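**Q** Turn these sequences into a full structure, and let the hints steer you where they fit.
Chains as they are written, first to last, in our numbering: chain V, 17 to 206; chain D, 17 to 206; chain W, 17 to 206; chain A, 17 to 206; chain P, 17 to 206; chain X, 17 to 206.
I should point out that these hints are in silico values taken from the structure, not numbers from a laboratory.
Hints may be right or wrong, so weigh each one.
Note that identical chains are pooled: a pair holds if it fits in a single copy or bridges any two copies.
Cut-off 20 Å, straight-line C-alpha distance, at most; resulting in silico cross-link-like pairs (DMTMM-like, lysine to aspartate or glutamate) [stated by the list, open to error]:
1) Lys85 - Asp205
2) Lys114 - Asp205
3) Lys44 - Glu171
4) Lys114 - Asp36
5) Lys114 - Glu165
6) Lys39 - Asp143
7) Lys133 - Glu154
8) Lys48 - Asp21
9) Lys133 - Asp21
10) Lys114 - Asp35
11) Lys85 - Asp157
12) Lys48 - Glu75
13) Lys39 - Asp118
14) Lys48 - Asp200
15) Lys114 - Glu171
16) Lys85 - Asp118
17) Lys114 - Asp21
All values reported here derive from a predicted model rather than from experimental measurement.
6 protein chains.
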Amino acid sequence: MPQPDHVSALPIGDPARLDDDLKAVYAKCVEKLGFVPNVLQAYSLRPQKLRNFIAMYNELMLGPSGLSKLEREMVAVVVSAANRCYYCLVAHGQAVRKLSGDPELGEMMVMNYRVAKLDRRQRAMLDFAWTLTTTPHEIGDAHRAGLREVGLAAEDIFDLAETVAFFNLSNRMAYGLDMMPNRDYHRLDR
Amino acid sequence: MPQPDHVSALPIGDPARLDDDLKAVYAKCVEKLGFVPNVLQAYSLRPQKLRNFIAMYNELMLGPSGLSKLEREMVAVVVSAANRCYYCLVAHGQAVRKLSGDPELGEMMVMNYRVAKLDRRQRAMLDFAWTLTTTPHEIGDAHRAGLREVGLAAEDIFDLAETVAFFNLSNRMAYGLDMMPNRDYHRLDR
Amino acid sequence: MPQPDHVSALPIGDPARLDDDLKAVYAKCVEKLGFVPNVLQAYSLRPQKLRNFIAMYNELMLGPSGLSKLEREMVAVVVSAANRCYYCLVAHGQAVRKLSGDPELGEMMVMNYRVAKLDRRQRAMLDFAWTLTTTPHEIGDAHRAGLREVGLAAEDIFDLAETVAFFNLSNRMAYGLDMMPNRDYHRLDR
Amino acid sequence: MPQPDHVSALPIGDPARLDDDLKAVYAKCVEKLGFVPNVLQAYSLRPQKLRNFIAMYNELMLGPSGLSKLEREMVAVVVSAANRCYYCLVAHGQAVRKLSGDPELGEMMVMNYRVAKLDRRQRAMLDFAWTLTTTPHEIGDAHRAGLREVGLAAEDIFDLAETVAFFNLSNRMAYGLDMMPNRDYHRLDR
Amino acid sequence: MPQPDHVSALPIGDPARLDDDLKAVYAKCVEKLGFVPNVLQAYSLRPQKLRNFIAMYNELMLGPSGLSKLEREMVAVVVSAANRCYYCLVAHGQAVRKLSGDPELGEMMVMNYRVAKLDRRQRAMLDFAWTLTTTPHEIGDAHRAGLREVGLAAEDIFDLAETVAFFNLSNRMAYGLDMMPNRDYHRLDR
Amino acid sequence: MPQPDHVSALPIGDPARLDDDLKAVYAKCVEKLGFVPNVLQAYSLRPQKLRNFIAMYNELMLGPSGLSKLEREMVAVVVSAANRCYYCLVAHGQAVRKLSGDPELGEMMVMNYRVAKLDRRQRAMLDFAWTLTTTPHEIGDAHRAGLREVGLAAEDIFDLAETVAFFNLSNRMAYGLDMMPNRDYHRLDR
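**A** Following this line, the structure appears as structure tokens:
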């Protein structure tokens, strides 16, 4: 498959010269996914920052939480849709397709999450994600009360807020560096 | 001094039950600042996330970079002004006052950075921060070329983008949890 | 395949009672596509309006024009992305995939057309589509001059403007009636 | 009366060379209005598209509907006010003055429909028109339920949505081609 | 002629109990215009504020200035169009019609000033008025330089800025109090 | 203390040539504040306009009203925060600090008034100020009813609206002329 024009608008680190712990991360990606996600390659220009990014990402998206992994990915896509971030929509849209086994759900998250038939809990989470992304000053106690009402514990609200916050970070890294996603995502889990 | 009404809208971790590494962070804060920043207390509800947040923050704001610490703080305040984030404006506005020795500069960053008489490099950095925060889809090659023209190396552009991105994260954590800053900041470095 | 929850929030016409010309349209759709697009079913509540819609659509998207059919579909998707219209993104995103043979191009049009590597002519057309959709009062002589410069004749500019205008109509019909697209589109041409 | 500087930024068709059916339309306009509306002249660059536009327009604005002709014109003006479309405000503002016999009502529709003392049905229709024009993603079941509550049947909601949608089309044709309205409208029905 | 439903959402002062200087203003209005503008009646709830408003208004709109009275009225209408202020559009739209003898010019200022064929000086003034009203933070030295280039002296720029500023005040008074204009304006100078 | 780079982008009047009444105003400012506020110096380019500005300002901010002086200053700062007006935030932020004796309250008004713990009356006033500034067309009877409910008399609503309106004027004068505030404000009342 032809590779994309670029990984990042900035130079990327030479994989052969990375520290061993980062080489191990790359190797694990190739083993599990078949490729190294371009975001890691783009971040490798600044290895310590790459290390911190991976640590935060893994805890956030893969660590223990009252939010399911699918819910976290749905939030990731809705935030990225609000910001129209190509990289994250491609990569996390695929994750929603894979974790849900429902390609339409992935498309809905990308295009307009409001058309999806969701339970009240998930709808409330995604509305919160949209508002905290686009007009954060509108978030108030009523929103947190609404989340509690549909069953979120304090830790869940924390995890939801951090997921929204993190993708507002990563969307802006993708725009700031013009990161392009690996083409491999497109055909997966259709 | 009376303490603020709350640190966070969510419960916070009991300082006495934190792991030793986090206790050490708290102790160091008290030693250096005289208090534990409320953002750390708010994050302590989720200790591993607190650890990751601290690691990313320290590398970003205190680690080696072509951007001076003052420049990073100026970016932090301009992002937080765009998002009207009270917590970060209070905490990082103080940092600008302290690092610059110029209280007016701090006020300008908080209120409207465009009135400040800055050199072209700093003005370009802050314009980039504003645009990447408020309308990230407008960022393109021309903006990165503009940054190179005023002397930023690739690593500097990376660090600038990550600073903007990080405060878009932390502003949303502050809104999502309704974090209030320690009152101690207000009177410092006026 | 299970059918979507609804075609439209309003009742739809009984296919068995449609006039013969409209029955013929339905039959032709089944023959060519395998299904009747839900937009036609939704419009069948008002048969004369359906007739007019089909006539305008067919001339616009399939009739003779200096814009290729793929270009017209790309414009359709970019307008629908600006308006976040699920129906039109699903249906015309598939058309871009099919006509271009390039599924990634379809995704780029849906998610953020600015990341696509396009020639100047197509980029100018899509920029015009975005601006005429989102901030029409900004369109002026300079935009039309820019289109002429990349080779558009007067008739091409007309056709481009009408394509943009038409999908601003159809996006609002989809929102106004809560039209849902046929599920068949999702798996086609991946 | 001196004629406007231009009808359209693009060339217009030679009236003498139009097909007979279009010549008949022009003749009927002159008979009824005293002039050929510039929108038709502008569209005559693409005669088949002109034909389709006329068919859709006539059914929409003059055909049978649960919405009165005045109500349809009021919607046309409110949509055009949201988009600040000079052509449509001039032409349909006159239509509101004529059909209502109330020049102030025409002005209110042009300037700010919210100041008009309308019954609940008309106010709900115009609020729907404004929202579907400016923030279509906010339209949901509650809006349609609100329209039913003030007496609109399913067909009426369809006709309302299509009127809003159509003027979002025609406003963008006017902007895209820089159409100027016939000066004749200005003094009529004051 | 029937009077409007209300002058203001708040009570208005009793004309018979006004101080003599304000009675004289009312009398002069009746003599010159045939009626007392509703804005004065609305302001009479607070007589000293009415006095100050009249003084500022008269100097601004009728006093000596490098801007013609027509130009000041054009600015008034463009600001009021940006804010969609019914009261000021009605009252000052009429003033533009009267001072210019060109009813179409009045309509253009109300509906979309960009369609008017103006000289560079007037176009620059109106662009400045639009930007200072809608996105004041974008005004910079380049805008003032642009005004000087088309012939405005420092005093003219001052007067232009104050006209824009004043109608941003009066538009908000009209909204804040729900002031309705005298119906008499509608038929004048058509 | 070093003086700011400029008072205004336009020339200012020579203090020695001002009329006696304006000289007296300047003298009183020096007596009471220790300096002449730059807004007065900037306005002195047009002495009669300066006179009218002072008259309106003094009545509004210092005259009898159901709104306390602190409340009027809080409104001034919230309007200026919405418009991001450096001059007015500096000058009136200091006034809030002084009148309230609470520097944090001043910061909250500047940065994000929604974080302040206010009684219902003050919160309603500031919400009204924000809405009338940023989206005046949304103000309706419900907002005025809300103000009456928290105890505002008709005259108080008038005064509130005029305070909001006036700072929308003065913010635009500051932007239009690029007025810079006296540096003296920064250190006062911290």
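**Q** Checking against the hints above, which ones are violated?
**A** 3, 4, 5, 6, 8, 10, 11, 13, 15 and 17
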